[in-house]
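**Student:** Protein sequence lines correspond, in order, to chains A and B.
Using our numbering, read the first sequence as starting at 1 and increasing by one per residue.
Using our numbering, read the second sequence as starting at 275 and increasing by one per residue.
These aren't lab readings, by the way, just hints derived from the structure by calculation.
Where hints are given, some of them may not hold.
[What the hints assert, rightly or not] Some chain A residues near chain B, calculated using beta-carbon distances under 8 Å:
hint, residue
1, Gly80
2, Gly81
3, Ile83
4, Ser87
5, Ser187
6, Thr221
7, Gly228
8, Gly229
9, Asp247
10, Val249
11, Gly250
[Said to hold, decoys possible] Computed footprint of chain A on chain B, listed as stretches where at least three residues anywhere in the stretch have a Cβ under 8 Å from a Cβ of chain A:
hint, segment
12, 353-359
13, 443-454
Ideal Cβ positions, reconstructed from N, Cα and C, are used throughout, including at glycine.
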Amino acid sequence: MKLDTSGFETSMPTIGFGSSSDMLDELSSVPSFDLPHTKEFDGFQKKAVDMLKHAKGTTTLAFIFKGGVMVAADSRASMGGYISSQSVKKIIEINPYMLGTMAGGAADCQFWHRNLGIKCRLHELANKRRISVSGASKLLANMLYSYRGMGLSVGTMIAGWDETGPGLYYVDNEGGRLKGDRFSVGSGSPYAYGVLDSGYKYEMSVEEASELARRSIYHATFRDGASGGVASVYHVGPEGWTKLSGDDVGELHYHYYPVPPAIAEQVMEEATAE
Amino acid sequence: MSIFEYNGSAVVAMVGKNCFAIASDRRLGVQLQTIATDFQRISKIHDHLFIGLSGLATDVQTLYQRLVFRHKLYQLREERDMKPETFASLVSAILYEKRFGPYLCQPVIAGLGDDNKPFICTMDSIGAKELAKDFVVSGTASESLYGACEAMFKPDMEAEELFETISQALLSSVDRDCLSGWGGHVYVVTPNEIKEKILKGRMD
Chain A
1 MKLDTSGFET
11 SMPTIGFGSS
21 SDMLDELSSV
31 PSFDLPHTKE
41 FDGFQKKAVD
51 MLKHAKGTTT
61 LAFIFKGGVM
71 VAADSRASMG
81 GYISSQSVKK
91 IIEINPYMLG
101 TMAGGAADCQ
111 FWHRNLGIKC
121 RLHELANKRR
131 ISVSGASKLL
141 ANMLYSYRGM
151 GLSVGTMIAG
161 WDETGPGLYY
171 VDNEGGRLKG
181 DRFSVGSGSP
191 YAYGVLDSGY
201 KYEMSVEEAS
211 ELARRSIYHA
221 TFRDGASGGV
231 ASVYHVGPEG
241 WTKLSGDDVG
251 ELHYHYYPVP
261 PAIAEQVMEE
271 ATAE
Chain B
275 MSIFEYNGSA
285 VVAMVGKNCF
295 AIASDRRLGV
305 QLQTIATDFQ
315 RISKIHDHLF
325 IGLSGLATDV
335 QTLYQRLVFR
345 HKLYQLREER
355 DMKPETFASL
365 VSAILYEKRF
375 GPYLCQPVIA
385 GLGDDNKPFI
395 CTMDSIGAKE
405 LAKDFVVSGT
415 ASESLYGACE
425 AMFKPDMEAE
435 ELFETISQAL
445 LSSVDRDCLS
455 GWGGHVYVVT
465 PNEIKEKILK
475 GRMD
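Work out the full structure: start from the sequences and follow the hints.
**Tutor:** Below is the structure:
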């Protein structure tokens, strides 16, 4: 009985043994599925998926300006496509003058920030002075470096005010530590960078800076599927940090882009007989 | 994420008293990035027959074009519009033709049949029909939609109430899905008119 292989016909049949994929090759007489040219077919699919490292699903940003440090984040937690929470606190209060942001694994970030807070307090007690932002970020970076390769997922920014003025460091789970003026971390960071970089001026006032931060987070939540919820904005000044605002981005959208009211049709009034 | 979740979608249809409603979200994305917020997922086949397609956007558009073509041919030959039940069988056959290289979309078909009796059905990507008397859902937000529709649905709703119910079910479900939302598009169809409405939703 002849096996019906009409379902297997492909428009571009290939002969499997390393021949060049030239479109003008003669049509092979055996119908077959297109297969990838690889020695290890079984693990190939998994390797392809692993190559795309899923970015940490969030948007956080921080920048230094004349009035101190502005820190902002969204509040969405996602598991693949499912939104598990719209009200996650992603800005962690390490101590009254230092903030950390959360991107990556929530448990990792919460634990290690609290651990950092403990170490900072111990430093204060041992040395009778507050730890610098540089020192605090170094403590965190060294701790994460020692756990390198064990699967921690942490992409955080340490923002604070110490004797040298405002300080901002980016620390991640690979053990990297970068000093800088403007950072954004997470899957929504490219969108936030676009708005942040074009609107940034060092001489901004606190109100302008907080509006820039809120707008950047809003635009990131609009474009990125893994960011959303509430845009929180914090300010770190010489006296410590204060929370400036927490606006629901669903409402922010209609605040920035109000829907023009539809022109109601004019009702024709009947002409009254005079 | 699977290929069905590449673009993100949410479609739902509900039955009312001599009317039906079909609604979808409006987002077109490429994995997590949102590309457009005005993507048409629901299309009219004829005045009493609508099809909503969820899944890969390119297949949504191609499949819609093929179905419109087939329906127009039918209209020319039979000199009348296709009944919803017949159309569902047509879609099922077209999908199964591509059994080993399927269209990566899940259609939701909603129409008014003989005596203005509403008809809804959904299918998987290779044409397995699922007829329902109350509501059908499809897309990345389908699990949330099942829950919301189950809780909010009542039989024999009039057009106004049906619109409210389907809108609430759609908006609350897509608010739990990263890949769909950014507004809603609802059609409520009665024997005499088609009402089309755009919903204001969360744009995050």
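**Student:** For every hint, state whether the structure bears it out.
**Tutor:** Structure-based check of all given hints:
1. Gly80: Nearest chain B Cβ about 7 Å off; hint holds.
2. Gly81: Constraint on Gly81(A) satisfied, holds at 5 Å.
3. Ile83: holds (5 Å)
4. Ser87: violated (12 Å)
5. Ser187: holds (6 Å)
6. Thr221: holds (4 Å)
7. Gly228: With Cβ-Cβ at 3 Å, under 8 Å, it holds.
8. Gly229: holds (7 Å)
9. Asp247: For Asp247(A), the interface hint is violated, since the closest Cβ of chain B sits about 11 Å away, which is over 8 Å.
10. Val249: holds (5 Å)
11. Gly250: Holds, about 4 Å.
12. 353-359: violated (count 0)
13. 443-454: Per the Cβ count (5), the hint holds.
In summary, the structure is inconsistent with hints 4, 9, 12 from the numbered list given earlier, while agreeing with the others.
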